[in-house]
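Given only the sequences and the hints, what does the whole structure look like? Please build it.
Spelled out from the first residue to the last, the chains are:
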Amino acid sequence: MAKGMATVPLDKAKVDRCRELAAAVASDVQSFIDEHTTVGVERTILRALGVDGVDGEGVSVVNRVIDRLQTARVLGRGVCTFVASELKGGAESIQDAAERLAFGDDVDFAAPLSPEESRRILAPHVTAALARIDEARGHREAFKATLPRSPEPHRYVIVATGNIHDDALQSKAAAKAGADVVAVIRATAQSLLDFVPHGATTEGFGGTFATQENFRIIRAATNEASARYGHYVQQTNYSSGLCMAEIAWMAAVEGLDMLLNDAMYGILFRDINMCRTFVDQYVSRRFIARAGIVINTGEDNYLTTADAVEKAHTVLASQFVNEAFALRAGLKNEQMGLGHAYEIDPSIENSFLLEIAQAQLVRQIFPTHPIKWMPPTKFKTGDIFQAHVHDAMFSLVGIVTKQSIQLLGMFSEAVHNPMLADRYLSLKATTYVHNTCKNLGDEIEFRTGGIVSARAELVLDEALTMLEGVARDGIWEAIGRGAFGDIKRTRTGGKGYAGVVRRSDNYVNPVLEALEA
Amino acid sequence: MAKGMATVPLDKAKVDRCRELAAAVASDVQSFIDEHTTVGVERTILRALGVDGVDGEGVSVVNRVIDRLQTARVLGRGVCTFVASELKGGAESIQDAAERLAFGDDVDFAAPLSPEESRRILAPHVTAALARIDEARGHREAFKATLPRSPEPHRYVIVATGNIHDDALQSKAAAKAGADVVAVIRATAQSLLDFVPHGATTEGFGGTFATQENFRIIRAATNEASARYGHYVQQTNYSSGLCMAEIAWMAAVEGLDMLLNDAMYGILFRDINMCRTFVDQYVSRRFIARAGIVINTGEDNYLTTADAVEKAHTVLASQFVNEAFALRAGLKNEQMGLGHAYEIDPSIENSFLLEIAQAQLVRQIFPTHPIKWMPPTKFKTGDIFQAHVHDAMFSLVGIVTKQSIQLLGMFSEAVHNPMLADRYLSLKATTYVHNTCKNLGDEIEFRTGGIVSARAELVLDEALTMLEGVARDGIWEAIGRGAFGDIKRTRTGGKGYAGVVRRSDNYVNPVLEALEA
Amino acid sequence: MIELPNHPIKAYGDREGDGMVQMSFVLRVTPCARAREAAKQFAEAHGLADPLVTTMEEAAEGFSYFVVYGHSKHTVNPGQIEVPEVTTVTMTRDVIEKRIKKLGRKIVLVGACTGSDAHTVGIDAIINYKGISGDKGLESYKGFEAYNLGAQVENEFLIERARAVGADAILVSQVITQRNCHKENGEALIEMLKAQGLRDKVICLFGGPRVDHALGLELGFEAGFGPGTKPSDVASYLVDRMCPAYDESPDA
Amino acid sequence: MIELPNHPIKAYGDREGDGMVQMSFVLRVTPCARAREAAKQFAEAHGLADPLVTTMEEAAEGFSYFVVYGHSKHTVNPGQIEVPEVTTVTMTRDVIEKRIKKLGRKIVLVGACTGSDAHTVGIDAIINYKGISGDKGLESYKGFEAYNLGAQVENEFLIERARAVGADAILVSQVITQRNCHKENGEALIEMLKAQGLRDKVICLFGGPRVDHALGLELGFEAGFGPGTKPSDVASYLVDRMCPAYDESPDA
Ligand code: B12
Ligand code: B12
Ligand SMILES: Cc1ncc(COP(=O)(O)O)c(C=O)c1O
Ligand SMILES: Cc1ncc(COP(=O)(O)O)c(C=O)c1O
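Residue numbers (my numbering), protein chains in the order written: chain A, 1 to 517; chain B, 518 to 1034; chain C, 1035 to 1286; chain D, 1287 to 1538.
Each hint should be verified, as a subset may be incorrect.
[Said to hold, decoys possible] Now the in silico label distances, taken between C-beta atoms and shown as ranges: (1) A:D461 / C:D1128: 17 to 27 Å; (2) A:G482 / C:A1083: 56 to 66 Å; (3) B:R745 / A:R472: 32 to 42 Å; (4) B:K661 / A:K12: 48 to 58 Å.
[Claimed, not checked] Example chain C residues on the side facing chain A (calculated, C-beta under 7 Å, incomplete): (5) V1060; (6) T1064; (7) A1094; (8) V1155; (9) A1159; (10) Y1163; (11) S1174.
Note that these hints are calculated values from the structure, not bench results.
By construction, the Cβ of each residue, glycine as well, lies at the ideal position given by its N, Cα and C atoms.
Structure below.
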């Protein structure tokens, strides 16, 4: 956080207490996590070890393997031991081992190897797996270091044509117009798919499929644009949904910079089972931590279903929870792009003051986190002219309160996924606002006892009260009564529950162990 | 000025010194004014006494009269003595007297009446002239009192179709969309006409002619809209150019609320002779003072020809001068809508801070004046989307620094006179910004020694230095070297100089005397 | 019915008949004098006379963004347009409750956001107690028994639930409209109901930001509801269709 | 010359060929379902397929404001467009001065904003020392003798002054364009010069925000200059027309 900026009063003791409570909540869940794995986690481990490809029907080998182990009810031991067993049994490579597991007639589901032996056999492959991630990170960071860093807030835009080649074009266009971050939005229902599509894709509703090949294509395009336009453009995708861990790994090895990744988003907004999500988020974040990727959490979404004035504190409370989970997965503060949003009904008198208060509060509570500031969406209408002004006021809060990453509002929010011109105009307007108000945040102070200060204090108080409730009841219960985003979910409801598996005593996962080391 | 608002540091001694210097400048000019009259002034007096109508060629009777006296080189005595003489000589009415003077074969240009006798003869007519103004004012104020007052800044829009009936429609539309003030922009070259057109007009380049009948039509429309939409809508026009005094009178009797009226605008931006302008502005303001009309001065225009960063102080200096002239014409502070504008190059880093500084400085120096805040125009391009955002930032300064009257920016500024939709969208956006940031100005303070404070101090210092120069050299000289708006004019150059006449020793003008009483 | 001009009208800029319209678009051209002329001709092709290209900016390499104003020669005759509109006048809560009372039982309904659509805010606004803009949802009425199934509900499941609770009405919300997936989802539901012989037993209502009554009818629903719909509008519509007329006399 | 596609192209939304364009306009209708349909049909009349009316708001009593997106069926072929462009390549100050030196005398010019037009900022930017965006005005060159007559200058007066100072060039600025008054003013000047037998003796340049080279030629000027013109562009143009070619060798 920059020195000399306007501040709201902050009771450090309350902040500390919130962190304590969130830690307790996360620890409670962590014991569950540590006892479980999921089909998604195990597929991720396979991928990390180097398994790739699809079968004749286009189904990923990793899915075939895990489905088979699952059907055989042996997934609780973890896929690793079976891979090791195949290697020992003569498989020529990890890929070969996986294909045997997937299609072989004589897979030994009893898997006689001890965890120790499995670990020993896989050791070089685990090393290679980590090296691959480290290398991708190294490449990315080295290239980034050759280019000047853009000032904050970083201007973040989305592309979402459905066609990765069109996305590449749009991404370069955005880079030219000044974007610092480009996210490729996923196709509408991908998060509910329990597999990751394969190869380059050119069709998708509302977005483009997250596939490893697509990651490669878009990363190359963005790198090209970075070099051409002389500023580094970060590439982003979604580690979210039923395959959040697999996508995290793909992003790690394809050199992405950021990932949408939230400990609870899938539960709340995709009705994905909570047990599944908690386990998956943990493993995904272990890869993310290793890869030095910045996550973007999804608290902004709460304000699309709940009222942004009444439920502002749920955003803050959730940020503490997301932070606590992230810490447990080894993420550094500098990797936690906690999300929040400018979603208050714009017709409310002094609503701008409430927005400033919230943004400033979050900024101060998480001073070293790359806070992600999300634009108005819910109260956007098809009046694109008015929407453009609405976004400008949002950008103003972004620069005044020194948000780190700003997803740009689009005047066509209520109309369609952003088109070329929409993005161009949004970048132009945002750049103007950020530049014309560059040091405004350093120039002003908020009056003690004023609306802004009082609002910040109230939100923190309410978040604390809420966290006390969540810690008391546990997060499972809290979600059950709609604490976040006014959405209620049950522990065994939702999608993907069948993919959650209790780890058996001899569960072994040397990749995860290495990441945890 | 509201209590508790953000302030910039203000050296009262410097402000006082600026006022002293401006007073000296105005006093110097006042001695010139007191020794002169103009064709415009004398026509105004005739109108005030009740002369109306046009001849067969459409030329106003007042023009015929004054031109004739001017040709006869007797205008230095003032038209009143000739009217009185005609009345004494048998004219049935003021109108009859004027028509005799205009078209009669036996006008006695020697005008034998003494000033005293002229005064005596005209006394009842002078009383009637003032009563007419007072009555119009009374009506206007009474109607206004029946309706709630809109919060400041008042939202001011222009209509300019060229056709008064279309203007009436647009004016009602604006009222419905929330306008507090509607100005009818004049046809492009009207300010250079040395006569006021007559009757309702339906054709005009870039605006609609200011005629008495047009004033009546639009005032009726606006009053109707005020009643219908439940908030009082002020009506505005231009008392500017070669007929500024006549238009001031027309506005006074037709119940207008505001007038664009500036002591120097005509000189600088219309190349009207300075002697002419100084005399005309004085008389126009005497009528304005009596009618309780609010003037809008034109300092905003300086920043369209001069650089808004370098020459910001010229705006402030000119405001002091305009204030000094206005005081000499009997205006109250509450009638002085001093103008300034958001015209800094938007690509300049922290330009918003400079805009805030200037607006805040002006607000504090003139706390009881209804300050008029003008929108960006010069750096508007045909990118209407970007222009709309530019205007939003301008509106933000308006509400934060509590400007009194805000002329709304139009996204089509660089394209055409505002159309129905442009005005509607501008009102919508401005209302949003004003409402969402309602008390922002009360919430913040500017850091001592910051960019805003330093800028405010610099501008005041520079204005003081400039006023010292103007007071030293006299305003004639100062304008000669381009002190205001980077525009240079000479004392005898420019339009309308021939219409300036030295008052003879026996000059008499009982209407003006009554206004001055 | 609101009166509209019954003669061909032009767009209105600031004078009757000026036909002024604004356009913006991107062409795959690099900014230059010929590109500007291309934009002008492109606007002319749309029927704009004297188009003024007010801006030409390089939105991406090889792409220019244009804003154009011009005088459209086209007209439309609003008086000749007929579109189906829901004609029920929205009733007060009191009247709604009283009329359902006359029915002698509760009106049962199920609602959902179907297919892969996860946008529940709209259907929640209609059904859930909280409602929208101060207008409480159907759950808040004594006369309604409402089941909100939430997001991403498959048509099969929706019908199953409707059958299970003996629903009088099915409320479907569709927000995602890409490549008309909302139409497909909606039509599929109706087909399925028909196939199961249930179509005549339930009132089907369709809603969403891109929905209007005409679309609802087109897809085989009884009605379609678009942006700005209030719970009381929907309540009134159902009451109007299902309940005996309401007698204004105080002790009816 | 910049290369443009030489085949019919559609507008580009976010995919090749989608033809997406945005329109906004006002119709004299009160908002209602039929009004929305009228807007849709109005958009269709312009060649927009599947128009989506994204907003309909009452901009005034009896008037609605609409925003529409739709897929335009129209195309334009940029490669087939020819428009006159000023081809002079802008030179450095150094080259400009050297070439005028070769001429052996100063280039004399008078400039003005004519008719009732009072917008001097443009002509000032070209002529006055200060210039624009860091590019100093013609007054700043040793090789030019420039007279800026300012605003609201009558054509007669302008010609009179041009004759008096023996001008090589006349620079006219026109900013107000209502009902094409700029064109009339410009043409009138040329006619007047012809009538006085002066046309061949001076280079006439026309400029302003709505001016381009084609318009300049159309009105009988040697060239037209639009938005973004720099003093050095104008200087280069004049030098190119009037001065002997410049020999690149160092001691030329
Ligand atoms: C909130 C929101 C979300 C939330 C949804 C949370 C939730 N649980 O609902 C979240 C963040 C999860 C989300 C996600 C996505 N969204 Co979304 N989202 C929106 C947003 C901002 C607001 C929608 C809303 O809540 N409106 C408010 C409600 C009250 O209005 P309404 O739905 O129109 O409902 C009213 C009426 O239509 C009517 N009504 C509605 N339904 C019914 C039913 C009946 C029976 C009746 C009688 C009446 C009725 O009554 C309601 C009250 O008046 C819009 C943009 C916008 N401003 O419109 C985008 C938007 C709808 N989303 C969009 C997209 C693409 C997505 C994603 C696919 C993005 C992605 N690729 O990741 C995802 C995936 C979601 C999925 N699979 O469905 C697009 C849709 C484009 C299109 N037309 O197809 C939009 C337009 C944004 C955009 N420009 O891209 N989104
Ligand atoms: C500044 C300004 C004024 C100032 C002018 C001060 C002055 N001394 O110049 C003031 C405040 C006095 C003014 C008044 C009016 N204005 Co004015 N004004 C503007 C404004 C905001 C900017 C114009 C400008 O200075 N641009 C900057 C210069 C540098 O650009 P430029 O002129 O295009 O010049 C460049 C090129 O075109 C070229 N160029 C220009 N001339 C020449 C000549 C030659 C020979 C060459 C080679 C090149 C060249 O080079 C220049 C440098 O690159 C515009 C709106 C806008 N943003 O465009 C309205 C605008 C031009 N004004 C307008 C109007 C209507 C008026 C008034 C009539 C309003 C009224 N009814 O009272 C009055 C009357 C003025 C009159 N009779 O002329 C309209 C014109 C509409 C139209 N197209 O007809 C505009 C577009 C605003 C609007 N939306 O209504 N205005
Ligand atoms: C954390 C997170 N994941 C994912 C998404 C996108 O939705 P989907 O589930 O369709 O990928 C969002 C949307 O904002 C999000 O915040
Ligand atoms: C004081 C004043 N008078 C008049 C005008 C308008 O110009 P015109 O001279 O055409 O009336 C302005 C424009 O802003 C002005 O500020």
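Verification of the hints:
Against the hinted window of 17 to 27 Å, the Cβ-Cβ separation of D461 (chain A) and D1128 (chain C) comes to about 40 Å, which falls outside the hint. In this structure the hint that G482 (chain A) and A1083 (chain C) lie 56 to 66 Å apart at CB holds, the actual value being about 58 Å. The supplied range of 32 to 42 Å is broken by R745 (chain B) and R472 (chain A), whose beta-carbon atoms lie about 58 Å from each other. For the pair K661 (chain B) and K12 (chain A), the beta carbons lie near 54 Å from each other, so the given range of 48 to 58 Å is met.
Given hint, V1060 (chain C) at the interface with chain A, holds; its Cβ is 5 Å from that chain's nearest Cβ, closer than 7 Å. Annotation: T1064 (chain C) was flagged as interfacial toward chain A, and the flag is violated, the nearest CB pair being 12 Å apart, outside 7 Å. Proximity of A1094 (chain C) to chain A holds as hinted, the smallest CB-CB distance being about 3 Å (cut-off 7 Å). Annotation: V1155 (chain C) was flagged as interfacial toward chain A, and the flag holds, the nearest CB pair being 6 Å apart, inside 7 Å.
The beta carbon of A1159 (chain C) is not positioned within 7 Å of any beta carbon in chain A (closest approach about 10 Å), and the interface hint is therefore violated. Below 7 Å, beta-carbon pairs count as interface contacts, and Y1163 (chain C) has none with chain A, the closest being about 11 Å; its hint is therefore violated. With 7 Å as the threshold, the beta carbon of S1174 (chain C) stays out of range of chain A, its nearest partner Cβ sitting at about 16 Å, so the hint is violated.
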